[in-house]
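Here is how the chains run, residue by residue.
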Amino acid sequence: MIEIHDLHYRVGAAPILSDISLSLPEGSLTALIGPNGAGKSTLLRLMARLEPLQSGRITVEGLDLATTPTDAMARTLAIMGQQNSVASRLRVRELVGFGRWPHHQGRPRAADREAVEAAIDAFGLQPFAGRFLDELSGGQVQRAFLAMTFAQDTAWMLLDEPLNNLDVAHARALMARLAQLVQDTGRSVVAVVHEVNYAAAWADHVVAMKHGRIVAQGAAEAVLTEDLLSDLYDTPVEVSRHDGRPLVLHHHSHSRIADLSRGRLPDRARLS
Amino acid sequence: MRFAAGLGLAALLALMLVSLGVGAAEISVRQARSDAWTMLVLMESRLPRTLAVALAGAALAVSGTLIQSLVRNRFVGPDTTGTSESAALGLLAVTILAPASPIWVKMVAASFAAMAGTALFIVVIRRLPRREVMLVPIAGLVLSGVLGSIVTWIAWQADLLQYVGVWMSGEFSGVTAGRYELLWVAGLAAGLAWVGADRFAILSLGDGVATGLGLSTASVMRFGLVVVAVVSALVVTTVGMVPFLGLVVPNIVARVMGDNLRASLPVVAASGAGLLLACDIIGRLLIAPYEMPVSVILGVLGALIFLVLLYRRPAHA
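Protein sequence lines, in the order shown, are assigned to chains A and B.
Here the first sequence is numbered in the numbering used here, starting from 1 and rising by one per residue.
Here the second sequence is numbered in the numbering used here, starting from 1 and rising by one per residue.
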C-alpha cells in the first residue's frame, strides 16, 4: 500500500499540491487523471522521491520515503519518468539489464539474466533486444524503458505519462499489457494518464485531481461519472458504457456543447 | 568481438614499438642488450615517453567519456569544459604564491582548481534549457575561453607567460625518466572509473532513472568529477593540454559499440592511447630531426575528426 498523509507542496509562493491524503490499493492499476496543471506529475514525482518532500508523509509498503535509503527503496518502488530524448547509446538488452541493478549492484547472476529476458518478452521487445535505442521508434523506446522498470521486479511501478508519444493503437496495447501484468503478477501500477478513456478502459482505481487537490478517488466506475468529469475538465463530457466499462465521449460540435451547457442533453444514440 | 579486441591490442602494441624506435637519436631497439648507449636512450627517454603518451591518452579519453556522461552531452571534453584551464589556473596560483612547493602540492592545487572549474561548468549547464543540446558545448567553450584568458592575463602580469605556454600546449619531448611518473596516477584514476562504469552509464540516462534504480546521483557525480579533475590536472602539469582527444575518442567508440561503459571504457582507454601515440609519432616524423608538439597535430587531426562526427551524428544525439 502507498499511503500519503497530509501532503503539501509549493514552488516559491505558489501552492502546487494542497492537503493530499491518499491510500493507493495494492494489486491494482491506478490512474491519476485531471486537467493540465492539476499536479498529477508532481504528486507522482514526490511518490517517486524525485522531488524532496516539504511537508507530510509518504510510505510505500510501510517504508517511509523520507528516511528509507534510496537503494532499499529501489527494491520496492520502480519509476519511469517522461523520456524526452535519450542521449545514451545503449542496446535494449543493456538498458533492461540496468533494471536489475538494485538487486545485484553490478554483479548479475543467472536469476538476473532470466528476469531481463522475461521483461524483454513481456513487452514484446525480443526482435529488437540487440538493437541500439537510437535506432528504434519512440514507441519502442518507451516500451524498452517500461521493460527496464518491470525488470526491477518491485511491488510498485510509478509511470509518468507512459502513453506520451504513442498513437492510439500503441497506447491501447500498452494499457492492455499493463492491466494484464497487474492481473498476472499482482504488482501495483500507478500511472499519470492524460487521455481519460485509457483510464476508463483499464484502470481499477482512479484518482482525479484539480488545482493541486484530490477531487475524487475510488473504483473507476464510481469516479468516472458525467458530472464529475465535466466539472474536472471544465468541459461537457458524456459517459457511455462499452464492454462493461465507462466510455467517455468528448463533444466536438459547438452546438451540442451549447446544448449541454444549457442542460439539454442530446440523445445518446445519435452521439455514439 | 574477441577478434576485434585482439586486433586493437596488436595495433596498440605496434604503435608503442614504433614509438620506441622513432626519435632524433638513431638507435635500433634490437641492439639494446648489447649497446649500453642504446639502452640508456631507451630506458631514460623512449620508454618513458611512450608510456607517458599512452597513459595520458588513455586517461584523457576515459575522462572525456566521464564528463560526457555527467553532463549528458556528447559534444564536450575535458578541454572544452574549463577543466584544463582551471587546472592551469591552480598551477599558476601555486607558482606565484609558493614557487618552491614540491610537485605534489602543485598537483593537488591543480586538481582542486580543476574540480572547482568543472563543477562550475556543471552548475552553469544545469540552468540551460534541456532541449538545446548545442548550448552545452558552447557554454563550455565560453567558460574555457574566459578561464584561459584569466590565466593568460595573470601570467602576463606576473611575467610567467612562458610557463603558461608550456601548460597550454601539450607535448612530450621533455619527458624523461623521473618526469612523467605522475601520469601513472592519472592512469590509476581512469582505471578506478571502470569500477564505477555501470553507475556512470546509468547516470547518463538521467537523474530520474538513476534515483529510481537506487543510485545516489550526487555521489556518482562527485566520483566522476574527482576522476576528471585529477586526470586533467596531472596531464596539464606533466605534459600540458592535449586538445580534442577526450572529445573525439569517446564519440568514435560510442558510435561503434555504444555506451555500455563496462564494456566500452577499456576500448576507450586503448583507443585514446593509440590515437595519441599515432599523433606523437607523426609529430616526431613530420619535420625530423625537429619535433612538432602533439597538441598541434591533434589540433588539426582532432578538429577534422570532430567535424566528420558532427556531420554524421545519429538522429538522437
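Hints in this document: simulated from the structure, not taken from any laboratory.
Here the structure is a predicted model, which is why all the values come from computation and not from measurement.
Built from N, CA and C at the ideal position, the CB exists for glycine as well.
Any given hint could turn out to be false.
[Stated by the list, open to error] Restraint-style ranges between C-beta atoms, simulated for each label pair:
1) LEU9/B with GLU195/A: 36 to 44 Å
2) LEU9/B with ASP121/A: 46 to 54 Å
3) GLY37/A with LEU120/B: 50 to 58 Å
4) LEU188/B with ASP71/A: 21 to 29 Å
5) GLU61/A with VAL300/B: 34 to 42 Å
6) THR67/A with VAL108/B: 16 to 24 Å
7) LEU188/B with HIS211/A: 32 to 40 Å
8) GLU132/B with ASN165/A: 44 to 52 Å
9) THR235/A with PRO129/B: 26 to 34 Å
10) LEU7/B with GLU61/A: 45 to 53 Å
11) GLU61/A with ALA4/B: 21 to 29 Å
12) ASP71/A with LEU9/B: 47 to 55 Å
13) GLU61/A with TRP153/B: 58 to 66 Å
[What the hints assert, rightly or not] Listing some non-contacts, in silico: residues in chain A with all C-beta distances to chain B over 12 Å:
14) ILE16
15) PRO69
16) SER88
17) ALA201
[Claimed, not checked] Computed from the model, here is a short list of chain B residues facing chain A with C-beta under 7 Å:
18) ARG72
19) ILE202
20) LEU205
21) THR211
22) GLY212
23) LEU213
24) THR217
25) ALA254
26) GLY258
27) ASP259
So, going through the hints one by one against the coordinates:
no. : hint                               : result
1   : LEU9/B with GLU195/A: 36 to 44 Å   : violated (54 Å)
2   : LEU9/B with ASP121/A: 46 to 54 Å   : violated (37 Å)
3   : GLY37/A with LEU120/B: 50 to 58 Å  : violated (34 Å)
4   : LEU188/B with ASP71/A: 21 to 29 Å  : holds (27 Å)
5   : GLU61/A with VAL300/B: 34 to 42 Å  : violated (60 Å)
6   : THR67/A with VAL108/B: 16 to 24 Å  : violated (37 Å)
7   : LEU188/B with HIS211/A: 32 to 40 Å : violated (56 Å)
8   : GLU132/B with ASN165/A: 44 to 52 Å : violated (20 Å)
9   : THR235/A with PRO129/B: 26 to 34 Å : holds (31 Å)
10  : LEU7/B with GLU61/A: 45 to 53 Å    : holds (51 Å)
11  : GLU61/A with ALA4/B: 21 to 29 Å    : violated (47 Å)
12  : ASP71/A with LEU9/B: 47 to 55 Å    : violated (36 Å)
13  : GLU61/A with TRP153/B: 58 to 66 Å  : holds (59 Å)
14  : ILE16                              : holds (18 Å)
15  : PRO69                              : violated (8 Å)
16  : SER88                              : violated (5 Å)
17  : ALA201                             : holds (27 Å)
18  : ARG72                              : holds (5 Å)
19  : ILE202                             : holds (6 Å)
20  : LEU205                             : holds (6 Å)
21  : THR211                             : holds (6 Å)
22  : GLY212                             : holds (4 Å)
23  : LEU213                             : holds (5 Å)
24  : THR217                             : violated (9 Å)
25  : ALA254                             : holds (5 Å)
26  : GLY258                             : holds (5 Å)
27  : ASP259                             : holds (5 Å)
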